[in-house]
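Number of protein chains: 4
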Amino acid sequence: MEIGFIGLGQMGLPMAGNLLKAGHTLTVYNRTSSRAEPLVAGGARLASTPGEACRGDAVITMLADDRALQDVMPDLAAKLGPATIHVSMSTISVAMSRRLAELHAQSNQGYIAAPVFGRPEAAVAQRLFVVAAGPRALVHRCQPLFDAVGQKTFVVSEDAPAANVVKLCGNFMIASIVETLGEAVALARKSGVDAGAYLDVITGTLFNAPVFKTYGAIIATEKYEPAGFKAALGLKDARLVLEAADDAAVPMPVANLIHDRLLTLVAQGRQDLDWCALARLSAEQAGLRNSG
Amino acid sequence: MEIGFIGLGQMGLPMAGNLLKAGHTLTVYNRTSSRAEPLVAGGARLASTPGEACRGDAVITMLADDRALQDVMPDLAAKLGPATIHVSMSTISVAMSRRLAELHAQSNQGYIAAPVFGRPEAAVAQRLFVVAAGPRALVHRCQPLFDAVGQKTFVVSEDAPAANVVKLCGNFMIASIVETLGEAVALARKSGVDAGAYLDVITGTLFNAPVFKTYGAIIATEKYEPAGFKAALGLKDARLVLEAADDAAVPMPVANLIHDRLLTLVAQGRQDLDWCALARLSAEQAGLRNSG
Amino acid sequence: MEIGFIGLGQMGLPMAGNLLKAGHTLTVYNRTSSRAEPLVAGGARLASTPGEACRGDAVITMLADDRALQDVMPDLAAKLGPATIHVSMSTISVAMSRRLAELHAQSNQGYIAAPVFGRPEAAVAQRLFVVAAGPRALVHRCQPLFDAVGQKTFVVSEDAPAANVVKLCGNFMIASIVETLGEAVALARKSGVDAGAYLDVITGTLFNAPVFKTYGAIIATEKYEPAGFKAALGLKDARLVLEAADDAAVPMPVANLIHDRLLTLVAQGRQDLDWCALARLSAEQAGLRNSG
Amino acid sequence: MEIGFIGLGQMGLPMAGNLLKAGHTLTVYNRTSSRAEPLVAGGARLASTPGEACRGDAVITMLADDRALQDVMPDLAAKLGPATIHVSMSTISVAMSRRLAELHAQSNQGYIAAPVFGRPEAAVAQRLFVVAAGPRALVHRCQPLFDAVGQKTFVVSEDAPAANVVKLCGNFMIASIVETLGEAVALARKSGVDAGAYLDVITGTLFNAPVFKTYGAIIATEKYEPAGFKAALGLKDARLVLEAADDAAVPMPVANLIHDRLLTLVAQGRQDLDWCALARLSAEQAGLRNSG
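Chains as they are written, first to last, in numbering that gives the first Met the number 0: chain A, 0 to 291; chain B, 0 to 291; chain C, 0 to 291; chain D, 0 to 291.
Hints listed in this document are in silico derivations from the structure and should not be mistaken for laboratory results.
Predicted model only: the values in this text are computed from it and were never measured.
Heads up, a few of these hints could be off.
Put simply, identical chains are the same to the list, so a pair is met inside one copy or across any two.
Using 30 Å as the maximum straight-line C-alpha spacing, the simulated DSS-like pairs for lysine-lysine come out as follows [to be verified]:
| id | residue 1 | residue 2 |
| --- | --- | --- |
| 1 | Lys189 | Lys151 |
| 2 | Lys78 | Lys20 |
| 3 | Lys222 | Lys235 |
| 4 | Lys78 | Lys189 |
Just chain A, same shape as in the assembly (with noise of 0.2 Å):
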């Protein structure tokens, strides 16, 4: 297929590259352009404006948040044409996903959303998992591009924001088993439990996953420098679900409880700390000292 891609960064890269190496026909454009030549250099074309690379059979944005894809939107709608499908795979606000749906329908344009779940070696081992959601035809259209990309394709509605809020809703679960853990292993080391031993109870009974095995050493090693993933990021995506929420009326205590923790990082100017520093909120409520 020929494809246009928006957005090079620590997930589209590795992203990119596989849809090259799948056979797809690249047009790839990033703000910072130098970021493309290794895929210049594998045969991709560069664009030197987001509309450039709207043309093909789809353009895909894989962009860090609303504001970075809201700088793109004016001249990718301006030039996307009518047989050229948007594929929103960044995690985006539902509310903004809405909206490029609404834009886009106004315009006759396709829009599909299909976010991923899968960090960059997810990405590089085109591991990732798609979940995908718009008009069926068009999402049927695209599976070869997340055949590119991921492991397995989920589809889950026929509106397209429908992808953006299970995304988000995964990505909330995640944060709440990091503050579970971050609980329960306050009060097993408080009653005399060293925390990687609770931690192998843990993950050798019902915990089996990977994504408490992850959390887990991280928080049991205290090693919350340098993050994997940042405390103001997890509250930007902790404000996301929230906002869902409010607008779709879903009361989510849990979810608030996890945006006051990771304010309080950020407002204690521990913004860079990993956002498993939320067990460390949990140890120092309880009075336990840093064990590093």
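Take the given structure of chain A and dock chains B, C and D to it, following the hints.
Positioned in the frame of chain A, the structure of chains B, C and D alone reads:
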């Protein structure tokens, strides 16, 4: 080994059966003695009082709660010889376990705590996880017993009540996951995503531990009756973890939330629903109707 | 003084009337101009656009919310002369007040914020409390206006949006008292104490401020219809304070709780009940039936 | 009337003094008997055991907590004649009051609960508020005693423990106001409003009850030492209200929050600060430095 076994409930009966199968000599006691019949048929001796089961290498207690354990304690403590270890495998309060530890220490009696993770099916299948704590030598001597009932033993501390803390924290983590799933599913549903589709994504990606599948299925289908584990029992566990947290001075906001939610179910006469009905509360607060 | 007045709602109309009575020269604007009739009969000039009201010493805006204010702002900002102070008395967001402060500063226009405490009856009776903030000299010049509408003025900062923060915090405190009363009354009722008897004790002892009596009476009688202040409006205020708290990085757990509770009422179609129906939620969660 | 009085602490001593002044015949008991000297000098008889104070028309207990009351109960219950009413004025748990009610009922002894609102100064000034509950005739007979110690009596139920519920709910409401003030002040301060200025507005407008002034002043000046009422005692009260709420199946999320906050202060070794240091936690979480 020669073992006493007190408490032949849904968990105790299959555990005692597995001890017998493993070749241990068993004396069993249950308030309702008819429960012991299959074991007696298999070679176990029936005790008519708790004290009669207190001889040999160890006496295991596997009772419903603090109160049930308290009922057998006077006789048990009076009859327990210095060579017989009291192995407390019930899910009891940390304070109760602490009192037992002190009581036995005063009488030069051996005491270890070894609560288990796993449902009755796992008990039958000899697939429990044992979390043991207490004096190292005593725990070591009981290892053959743990091997007979479980698939793996975790030794977490030389202080017996620490094992009870770990057990309660594990239960808390399950409850937190149920609550989190409930909130996320409410937002997903209200955003037009089917609960089943949402759970397919969640359990098919980052959250592939059995705990998500088991509880996710109950939530997706809203089958809260008959209960696998009743809200009223969930509330009992929430109280135990909060009591331990209060004693240890560890604030646990998520545990408080879960307590309040389960208390709501009980206050509203829904104590016999499965504790996954936490998700029904989230749905109701979001104005969703039951799909069932 | 010569004053423009924009927004003749339940609060604005009596406030404008009191300014007229105090001898100020008034030009009034309201989207629905018929609301201005009594004022015109009393000597006020009717403006047909917001801009026409923007002359003299000050133009007061007293509108329902951010959106209503935003609607008049382009015309207001275009017509406002350097000698006319924009006195923003509406309950608006801190962010909106901040944007107004910046906008006016760029145009060398004067801006102060002066939201009020008090219900329509207090506005009629000239008994409002004015919370003012902004450049000292400008606030000073507007004192006669505040004297005409209120019983007392509090000057809290030289930074205009600070007054909006104080207003929102005041509303938050009322909401918190309502929630607190609701929880306490639920426990009292379920313990066999009549809600009225409980409130007699509370308001007859430590809690003799009018706020306890006013809201306590609504809660004790469970008369949530017709609403004095609707749950939907309470939710709007809760959002405003949480938005300000998020911007300022201040975790406010009680505000979150109130938001969730009001959101629940709205999600369940009870948005038109008085916001004191927070207490009904507490009662329902305790399994109490409505006494009404 | 002829009265026994057990417990001559900060509250009990002035209360007993006022009973004496009112002309009642008094027999007093205190563990540390020297506390009784001024009363004996004024004509009171000194009892050397709790039981010796149990005769006449009524015996009042005014002790620090459940435990202190429990210590005197065996002797009190053994010596209490059928004509002597036990008037329990201590702040004790609802469960304890229930047990006393049952215990006395079994022995055909009279029991009423009559806890008080007010600090030691109010006790001295005969300005306490008495909240009484129990069999109507018994409460009626004790009215002269209440008149001697307080300014007003509220009779809330014929079931004695109901008075304890009301007392605990009152304390909960104070704690909630402190927490609410703390959150609001943190937002105000971080928005550039001086805490003192904020509190002037609050207490000068809607919130003019003494409770806002008393606690607001402590929060505004951040004078948490010496404590008027220690965080550790606040925690005790929070536990009592939550225990009552749990027994009655009433979820109280604000009470939970207060409990967690006070537990945090205690866990961090700040149990001797005034409980208004709840506001310090809000300030710290907002990244504010202590101004003191």
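Hint check results:
no. : hint               : verdict
1   : Lys189 with Lys151 : between (42 Å within a copy, 25 Å between copies)
2   : Lys78 with Lys20   : within (27 Å within a copy, 60 Å between copies)
3   : Lys222 with Lys235 : within (22 Å within a copy, 35 Å between copies)
4   : Lys78 with Lys189  : neither (60 Å within a copy, 34 Å between copies)
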